[in-house]
Each structure stands twice: as structure tokens, then as C-alpha cells.
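Student: Spelled out from the first residue to the last, the chains are:
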Amino acid sequence: MPYIFDELEDPIWRMLSSVKRPSRYAGGEWGADGGLAEGKERSSICLAFPDVYEVGMSYLGFQILYNMASGIPGVRVERAYCPWPDAEAYMRENRMALGSLESGRPLSSFDVVGFTLQYELTSTNILTMLDLGGIPLKVSERGEKDPLVVAGGPGTFAPEPLVPFFDAFCIGDGELLLPDLLSFFPARSREDVLRCLAKTEGFYVPAFHEGGSVRRRVLMDLDGGFAPSGMIVPSSEIIHDRVGVEVFRGCTRGCRFCQAGVVSRPVRERSPERVAGIARDLLVMSGYDEVGLVSLASCDYSGIERVIDLLGPDLSAKNFRLSLPSLRMDAFSVELADRLEELGRGGLTFAPEAGTQRLRDVINKGISQKEMEETFREVFSRGWERVKLYFMMGLPTETMDDIEAIMEISLLARDIGRRLGKRPKIGVSVAGFVPKPHTPFQWDAQATVEDLAMKGGTLKRMAKKAGIGLNYHEPAQTFLEGVLARGDRRMAAVIERAWRDGARFDGWTECFDMGRWMNAFDSEGVDPKEYTGRTRGAEEAFPWEVVDVGVSRSFLWSERERALSGDLTPDCRVGSCNLCGWQKDGCPVLEEKNGQG
Amino acid sequence: MARVRMIFSKRGRVCFVPHVEMPALFCRALRRAGARIEMTEGMSPHPRISLGPALPVGVPALGEPLEVWIENWKEQFGGSINSFLPRGVTVLRYGVVEGRPRLSEECTAALYRIIFREGRAFERIREMISGGWVPVGHSLGISASGNWIDVAVSSPGQTGGGTIVKSLVKEGVARSWSELLVTRLAVGSWSGKSVRPLPFGGGGRG
Numbered sequence: 001m002p003y004i005f006d007e008l009e010d011p012i013w014r015m016l017s018s019v020k021r022p023s024r025y026a027g028g029e030w031g032a033d034g035g036l037a038e039g040k041e042r043s044s045i046c047l048a049f050p051d052v053y054e055v056g057m058s059y060l061g062f063q064i065l066y067n068m069a070s071g072i073p074g075v076r077v078e079r080a081y082c083p084w085p086d087a088e089a090y091m092r093e094n095r096m097a098l099g100s101l102e103s104g105r106p107l108s109s110f111d112v113v114g115f116t117l118q119y120e121l122t123s124t125n126i127l128t129m130l131d132l133g134g135i136p137l138k139v140s141e142r143g144e145k146d147p148l149v150v151a152g153g154p155g156t157f158a159p160e161p162l163v164p165f166f167d168a169f170c171i172g173d174g175e176l177l178l179p180d181l182l183s184f185f186p187a188r189s190r191e192d193v194l195r196c197l198a199k200t201e202g203f204y205v206p207a208f209h210e211g212g213s214v215r216r217r218v219l220m221d222l223d224g225g226f227a228p229s230g231m232i233v234p235s236s237e238i239i240h241d242r243v244g245v246e247v248f249r250g251c252t253r254g255c256r257f258c259q260a261g262v263v264s265r266p267v268r269e270r271s272p273e274r275v276a277g278i279a280r281d282l283l284v285m286s287g288y289d290e291v292g293l294v295s296l297a298s299c300d301y302s303g304i305e306r307v308i309d310l311l312g313p314d315l316s317a318k319n320f321r322l323s324l325p326s327l328r329m330d331a332f333s334v335e336l337a338d339r340l341e342e343l344g345r346g347g348l349t350f351a352p353e354a355g356t357q358r359l360r361d362v363i364n365k366g367i368s369q370k371e372m373e374e375t376f377r378e379v380f381s382r383g384w385e386r387v388k389l390y391f392m393m394g395l396p397t398e399t400m401d402d403i404e405a406i407m408e409i410s411l412l413a414r415d416i417g418r419r420l421g422k423r424p425k426i427g428v429s430v431a432g433f434v435p436k437p438h439t440p441f442q443w444d445a446q447a448t449v450e451d452l453a454m455k456g457g458t459l460k461r462m463a464k465k466a467g468i469g470l471n472y473h474e475p476a477q478t479f480l481e482g483v484l485a486r487g488d489r490r491m492a493a494v495i496e497r498a499w500r501d502g503a504r505f506d507g508w509t510e511c512f513d514m515g516r517w518m519n520a521f522d523s524e525g526v527d528p529k530e531y532t533g534r535t536r537g538a539e540e541a542f543p544w545e546v547v548d549v550g551v552s553r554s555f556l557w558s559e560r561e562r563a564l565s566g567d568l569t570p571d572c573r574v575g576s577c578n579l580c581g582w583q584k585d586g587c588p589v590l591e592e593k594n595g596q597g
Numbered sequence: 001m002a003r004v005r006m007i008f009s010k011r012g013r014v015c016f017v018p019h020v021e022m023p024a025l026f027c028r029a030l031r032r033a034g035a036r037i038e039m040t041e042g043m044s045p046h047p048r049i050s051l052g053p054a055l056p057v058g059v060p061a062l063g064e065p066l067e068v069w070i071e072n073w074k075e076q077f078g079g080s081i082n083s084f085l086p087r088g089v090t091v092l093r094y095g096v097v098e099g100r101p102r103l104s105e106e107c108t109a110a111l112y113r114i115i116f117r118e119g120r121a122f123e124r125i126r127e128m129i130s131g132g133w134v135p136v137g138h139s140l141g142i143s144a145s146g147n148w149i150d151v152a153v154s155s156p157g158q159t160g161g162g163t164i165v166k167s168l169v170k171e172g173v174a175r176s177w178s179e180l181l182v183t184r185l186a187v188g189s190w191s192g193k194s195v196r197p198l199p200f201g202g203g204g205r206g
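Sequence order for the protein chains is A and B. All residue numbers for the first sequence refer to the working numbering, where the first residue is 1 and numbers rise by one. All residue numbers for the second sequence refer to the working numbering, where the first residue is 1 and numbers rise by one.
No lab work stands behind these hints: they were computed from the structure. Just so it is clear, CB atoms sit at the ideal spot from N, CA and C, and this is done for glycine as well. Don't take each hint at face value.
[To be verified] Stretch-level coverage of chain B by chain A, calculated; a stretch enters the list once three of its residues show a Cβ under 8 Å from a Cβ in chain A:
(1) 4 to 13
(2) 48 to 57
(3) 82 to 92
(4) 106 to 119
(5) 124 to 133
(6) 170 to 184
Please work from the sequences and hints to get the whole structure.
Tutor: Structure, rendered in C-alpha cells:
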């Protein structure tokens, strides 16, 4: 009997039959309808994630923006991810354009292509997507028919290295910026839109920038802002396969190495009722059986107990789970995790970040040795056996004593577990520290590749001897991340050169080739060490100061001084206001304190 | 508690979602429809659901079996399930089964159709078949027509589309999957002449 197989006519079927992990390119997921069920299209945006599908689909920001944009009348929203090199090669060989997952429409046919900048080492993937999507790489080469290429996400807080490739940078909370951006369409001309954007708060339009800094746009009232009621549910497994609900933005812990903690201030909480409501809606809509409470440090959420009370009974009746992706290192957090997870399930992850008390004081990671011991005792006595510990190497003022102490903590965890009659499995992950813009260490030199390789190698040997699993980040990748993180506009030529020479997926160790990058630096006459190897002067102006994130330079400098003298700065939710800059701009933490006072 | 058997088709790009991901995909769709799926016991409980013999990635299928144990089974879950499934996956039949052997025991044969994109390759294979060639050891029957060949195999858990393609590549008829469209028309038992679909309802091994 003849059957009709439309699959034979599918223009990408042959590609899907010949690449790795073809489900990445299949689309058709639950909830991915692109909005615009009826009515005329007024504007179209393609949300572009410069990494593979399974990484991009785990990013909550795009889930929120997709859901939001699809609710705006007349807006069509679709998505694109970066094809893996095998798919890219196939597409080039067969002259296929990179299109959206929803309709296959080439990137070049959208009004706006919006990238998120999550990680410095995805820069070359942006160029791959533009090029395959049929969009000229540089702003200067684009014409009226080309889309507006914009960027959002943490990378926009230091945008200069990518300026030649982006028409505009959207700086701050997407729920405020995206509707403003789309409101300028349909437009008479690119220039018209860009001129309007340049006058709108939170947009950095290099071509029409008149000096000064662009203030980050902040959604102060999360409850009053957009609440997602739908999400895209991937058909194949991704990294975070669950409903994610944001419980708060910002962080007051003040870890001095952490960029996210500075650039997302002030702390703004969602009410427990709202969190529970969103979680319920998304669980029903998605069919997931797990909801994760997402933030920079969910144990710090003041409404956590209330959310558990609100959601708990309903979830356990259905065998559903509630999870906290990040745990603070104290007994309370472990107890919380215990309430959420059944004993023996999974493992727990903690981030002491540095080996010695001295160095933890330098980075303002306020955990004491005693607290760590108590936490480990609590973990093992409550039945867990797997513990993952995150550390950094290459931190300012670090010595070999600090490095060796990383192993001492890991052994301490193991020994406490054994004493409690368990079979502890300790996994240690060590990242090379990259001083980031808008942090107290933005003035500091970064550890060299050689230094990180020596320290990583030492740790690896010690861990092997002790039978503990340890991995550390590739020092050359850490180096490149550092160069791009604090880079200036000269970096764009280097990125383009490296890309033309074949650099792709530089964040993936199997693709990364430092030689290619060194050649690119060489041909463009840029000395990368100039960006990582020197301590900057107190008065030096930085390229990223074109963005004002809301935290003052004087606060960052004073934090750096306190770091070097080993002084702790208490969490302003507990202690007094640290005058980070938000005290004059409606900081909710301060307002709550004043209200109570 | 109800043991529910479903027959579904998998068409279009969703065929590139691996077989191992299908149970989770169905569980989510069932939960959207309001069903509560029974959990297995033991250290790491998971939803009680099982699929038929592995369907290779990139193979459209017209009648794949699935069984799931549902705590609050209502007829309406079956009726509405298609409006909760992602594009390309469609439930064609469903029903409560009782007392039947496990799915893996009931699925003893499968019928593959391999469509040739290029006419010359197909002519070659047609000649080979008339000469008595069989692609795999577990072949129950083989025929050629149109621009395709139909191959019925026993032990579908071990012999699948991949084995057939390998054998075609070995014979030099095709270079890779991308020159063919491999499809699975049916999974069930061998009647002596054709692959019989799986039964529903109660009863023994009939």
C-alpha cells in the first residue's frame, strides 16, 4: 500500500539525517507557537542564542521574553540557536540559510534579531549565526533590508568588544526593554528606530551615542512586572529540564569576585503567593513534574518557607518535586534541601570558593571553617553521600597555601562523611578566576595561564592521590575569557579574525584552539596580556563605564581596599547599608528597613 | 489503576527525538491532560511507562505501541491526549488492557519501508531482491514496489532500521541514511503473511 511521506519533501531532512544530535534542529516543541495566532504581523523578532539548543533552552531569560513577546498584539517571536560545526558545514556546503526553529524563516527576514550575551566565549558563534542567517556581520555593512541586530544579557554591561557587530545593546531587565524596542516597529527606516532607541533609557546605540553612560533599566517591582504563564517544553532532554520560577533578582551577599551580584542589584523579591501562582500555572501548562526556584542564591529568599507551605502539599500529592539549584553553606540550607528532596536522592552542591579563611575573607565569602564542618555533618547525617564543591584558583593575594587548603576542605568533607558511616563521594570543580567589569577586582591582574596550569596540575595530583574526583577549567580558555571580558573595541577585529580562521564554540574544550586566537591577536596587532596581565591604576577609565549599572565606582574601590586588608563587608540585609550606590535610587532593602524603623 | 495501551504515529521532525526521550514526552503530555502516572517503587522511583522496540532516530513510524499505568484513568484522557502532544506525535488508538503479556513479549515483528530517493539505486535493489537477496538474518518477508522496499523482521528489539541500512550500505546500494527514507509501518506479531497490530482489551496471548 502506498503511503505519503511528507518527510521526503522536508528541506532539512537530509541534514537532520547526517548531523550529530539532530533533535537540536527539529523544533516543534510544546508551547513554541511563536505567538500571532491571528491578526496582522506588525513586527517580528528572532531570539538568538549563540550556543547549542540544549544550552540555550535551559536559559530562563528567553523563556520569559518569548512568552512575553508572543503576548504582544502583532508581534511574531521565534528562536534560533547556533548550529554545531557539523551542521554548519552541511549548511554551507548546501547553501542553506540559518532560519528560526519555528518557521525556518532566515534570520535576515526578521525585523529584529536579539542575541543574549551570557558568556564571553560565545562571541564567535554570534558571527556564525549572523553570517549563516544572511546578515552582514558589521553594522557599517548593513542596509535598510537588514534586521536590527541587538544584544541583551550580562555581556551588555561591558559591550565595547562587540560594538561593531550590534546596532544596539539593551541594558537591563528585558521585560522593560523588549516592549519598548518592539514599539518602534513598523518603522520608516533603520536610522529612525536607532535614533529613537538612543533616546530611550536603557539602550546603548553606539552610532548615535552622545557621550556619558547608559543607565541600566531595572524592574523594581517584580510582582508588578510580567509573570510568565507559558513556556516552551523541549521534546528532548536539556540541561535544566523543569519549570523554573524566578524568586528574586539581585544579591546582597557582596562576594567580591561576583559580577552577577553587582550588576543585578538591588535585591527585588517576588511575593511567595506570586511565585506559587506562576509555578502552578507553568506546571499545568508544561506537564513537568519538577519546579526549580531560581535566583542567584535561592536560600536567601525571605519567602522560601511560605512558598514551600503554599506549594508543598499539592506537589507531594502528585509526586512532584521542588528544587533549589544553589545552596548556601549552612545548616538551614541543608535542612531546607532535606525538606525538598527525599533522602538519598541526588547530591548537594556547595561553593566555598576558596580554601582558607584568609582568602575567603578577601573575596567576602562569609563562611567559616566551623560552618563548613557543621554543614558537612548535617549533609551526611541526613543521608546524602554525594557532595560537589566549587572553588576558584587565581584569586587576588592567593598563595600555594590557599590552593592546598582546597584539598584539605575536600578531605574534611570526605572524613566527616566516613565518620558518620557513609560512603562519601566528593567531586571538586575548580574554575580559574576572571576579574570581571563592575566588580571590586576590575582593577586587578588575572593569574597567568602558566600559574593556573601549575595550580590546577598540583590540585589534580593531590586529588588523585586522595581518590577524590577533581576537574579544573582549561587555563587558556580562562585567559581568553579574561581578555574578552575586560576588552575594548579593538577586540572586535580579533574576534572576527579568529572566527574567519575557524574559531567556533570556544567555550567547548573540544572545539577550543588557543593557537588560532594567538594568531588572531598577532595579526590584529593586539597584545592580549595588556588586558589581563596588569593592575590598573585607581583613576584609569574603563571601556565598560559606558554602562552605569547602578553601583558606584567608589563603592567598588572601597570594596577592593577592604579585600586587600581582609576586611569583611556584611550582607546589607542583615547589617547596615553599605552605600553601594542604590541607597539613593529606591533600594527595596533599605526602604524596608526604613519602613520598619 | 489502569494499564493503558496506546498506538501512536511519529511523523515529521519529531522523528529526530530519540526513542529514549519518548516516555518523558508522553508523561508530560499525559500530565497536561490531567493524568496521574503511577511511579515505580525502589530507590529512584520513575513513572511506570514502557515503549515498544527501539525506533531509530530519524525514522517516521505509523503505529508504535506504548503502555502506561495511570492512577486516575478516565476515558477523556485518551480522547484529549492529542491536543496535549507536540507536533508530529499522534495517538491513533488507546484502551485499557488487562492480563496481557508485557509489551516486549508481544512485539515480535516489525515492518519497515525503505524509500529510495534515487531511482537507480532502487532498480538495483529490486534486481537483488528478485535474485533472492535478504538484507538481514531476521527477515520474515521482503518485497519491492514503487520506489521502496518493505522488509518484515522478527526480533524487532535487535533488528531494526539501522541494521537494514547497514546492509544496504555494505551492498553499495546506498552511501548513508540521507539517501533513503527509512520508515516503520507497523509493530506487532507475524501472522505468516503480514505484521499484525497489537491487540487491545483483556485475555491471553491471542
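Student: Determine for every hint whether it applies to the structure shown.
Tutor: Verification of the hints:
Using a Cβ-Cβ cut-off of 8 Å, 3 residues of the segment 4 to 13 of chain B lie near chain A, which meets the minimum of three, so the contact claim holds. Here the segment 48 to 57 of chain B counts 1 residues with a CB under 8 Å from a CB of chain A, which misses the bar of 3, and the coverage is violated. Interface restraint, the segment 82 to 92 of chain B with chain A: holds (5 residues with C-beta to C-beta distance below 8 Å; minimum three). Check on the segment 106 to 119 of chain B: 3 of its residues sit with their Cβ under 8 Å from a Cβ of chain A, so the three-residue criterion for coverage holds.
Check result for the segment 124 to 133 of chain B against chain A: violated, 0 residues qualifying (beta carbon to beta carbon below 8 Å, three or more required). Against chain A, the segment 170 to 184 of chain B contributes 5 residues with a C-beta closer than 8 Å to a partner C-beta. That satisfies the three-residue criterion, and the hint holds.
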